[in-house]
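K.L.:
Chain by chain, the residues run as shown.
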Amino acid sequence: MEFLRPATWDEALAAKAEYPTALPIAGGTDVMVELNFDVHRPSAILDLNRVTELTEWTNDGSVVRLGASVPYARIISELSGPLPGLALAAHTVGSPQIRNRGGVGGNLGAASPAGDSHPALLAAGRDVHVEAASVRGTRLIPIDEFYVGVKRNCLEADELIRAVHVPVADGPQQFSKIGTRNAMVIAVCAFGFALHPKNGTVGTGIGSAAPTPRRAVEAEEYLQGVLAERGLWESGELLGTEVVQRFGELVKAAASPIDDVRGTADYRRHALAVMARRTLTWCWNDYGKQIRSAA
Amino acid sequence: MRVTFTANGKPVEADDVWEGESLLYVLRERVGLPGSKNACEQGECGSCTVYLDGVPVCSCLVAAGQVQDREVRTVEGLAEETGELGLVQQAFVDAGAVQCGFCTPGLLVQTDALLEKDTQPSDNDIREALSGNLCRCTGYEKIMDAVRLASARKCAGEVS
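Protein chains in written order, with the working numbering: chain L, 1 to 295; chain C, 1001 to 1160.
Since the hints were made in silico from the structure, they are not lab data. Where a beta carbon is used, it is the ideal one built from N, C-alpha and C, also for glycine. There may be inaccurate statements among the hints.
Distance ranges between label pairs, derived from CB positions [said to hold, decoys possible]: (1) L/R50 <-> C/E1084: 36 to 42 Å; (2) C/D1069 <-> L/R65: 24 to 30 Å; (3) C/E1141 <-> L/E2: 47 to 53 Å; (4) C/A1156 <-> L/G200: 56 to 62 Å.
Just some of the chain L residues that point at chain C, by a computed CB distance under 10 Å [claimed, not checked]: (5) I25; (6) V33; (7) F37; (8) I98.
Sample of chain C residues at the chain L side, in silico, Cβ under 10 Å [unchecked claim]: (9) E1021; (10) G1043; (11) L1085; (12) N1133; (13) R1136; (14) T1138; (15) G1139.
Make a model of the complete structure from these sequences and hints.
P.N.:
Following this line, the structure appears as structure tokens:
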């Protein structure tokens, strides 16, 4: 096994081009578990810890460009304002020690359906992009196209994740996750929800209840229709039980979970409907307050 | 491969390190610092917690090669230069927060990190900070006592 230690991003891309089967490691919170248990014996390990720009983020006022290795602990402490959904999701990752090391780049690289970042990223809007780069150039991959199968993403063998581009929140966002306790929990299932009042859309993200993280498209379209037809974006009035229920049912219908050691498919569907109703209610209550205080 | 780094303020060098080896293994088996404990090897238990460049992390989840030229501080480094126990260590002894002792090194480092940031944490803050450290003797109440005692002594020390 080789241990590659590029000092710069260009060196990292060159190394990945030369060793396309090299396994990138940053926080190590996923990769090292596989190595410790001998699940995976890669030909080479590509350490990205020296590439300091991966731990930086920028915010131009409309989009946050979040470096792949910005640890969850810093997403919580530094980005709760512009990226509230992702910060809430980050808070449910592992333990303090894990949040000090792990970052969104690793979640995307592993592409586990149970990754905590995914529902928040999917819900954050249609303009979330993964910035992938290789010696051939850089491309921005829409988040909806990024996940292609269980623990599979659409990266080419010579590509590395540089950053993720996430629109700055223009409305309330929420994240909810089911597990056996509060810390150190792999999601039984999870749900991210966001209101985007500027363009009159809503965002959803389902975690751990399908082969890949996915949006609940019909639930989004239904809710957007109701909000537009009834002028609720302007009034901020209550949604009513029927709308909230219907939204929950549509989210439930969008999942295709399995029975496994963490829970049954039926339980996951039920829990998703509950989380969908709760997160929608929390967000809408916050939005209503904003509208009334602005009036 | 060879890995050189700083452990508890002293330069150390480990040879013949396997590329997939963890920092925990290097500390325990190659540089004579067995204080950090090996239990779950997957970041669930916190027994291997050390400072890496001042940040508490699970050393079982850091690849040895990633610590090249960096600073590691282990539970051994929490003791005074004279060999006397440090403030957090002494508080755990005095509060009876040590049963089998296997989780203690990780708890000590994580508690030290908590009190560095916040000398007077609330009980909720303590529980949150220690949520990644498992005690299978389930001696959590005494551990809470120990952190409160360490907090009180640290505050008293800052006043005097």
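K.L.:
Look at each hint and say if it fits the structure.
P.N.:
Hint check:
{"no.": "1", "hint": "L/R50 <-> C/E1084: 36 to 42 Å", "verdict": "holds (37 Å)"}
{"no.": "2", "hint": "C/D1069 <-> L/R65: 24 to 30 Å", "verdict": "holds (28 Å)"}
{"no.": "3", "hint": "C/E1141 <-> L/E2: 47 to 53 Å", "verdict": "holds (48 Å)"}
{"no.": "4", "hint": "C/A1156 <-> L/G200: 56 to 62 Å", "verdict": "holds (58 Å)"}
{"no.": "5", "hint": "I25", "verdict": "holds (6 Å)"}
{"no.": "6", "hint": "V33", "verdict": "holds (4 Å)"}
{"no.": "7", "hint": "F37", "verdict": "holds (7 Å)"}
{"no.": "8", "hint": "I98", "verdict": "holds (5 Å)"}
{"no.": "9", "hint": "E1021", "verdict": "holds (8 Å)"}
{"no.": "10", "hint": "G1043", "verdict": "holds (5 Å)"}
{"no.": "11", "hint": "L1085", "verdict": "violated (23 Å)"}
{"no.": "12", "hint": "N1133", "verdict": "holds (8 Å)"}
{"no.": "13", "hint": "R1136", "verdict": "violated (14 Å)"}
{"no.": "14", "hint": "T1138", "verdict": "violated (14 Å)"}
{"no.": "15", "hint": "G1139", "verdict": "violated (17 Å)"}
Hints 11, 13, 14, 15 from the list above are not met by this structure, while the remaining hints are.
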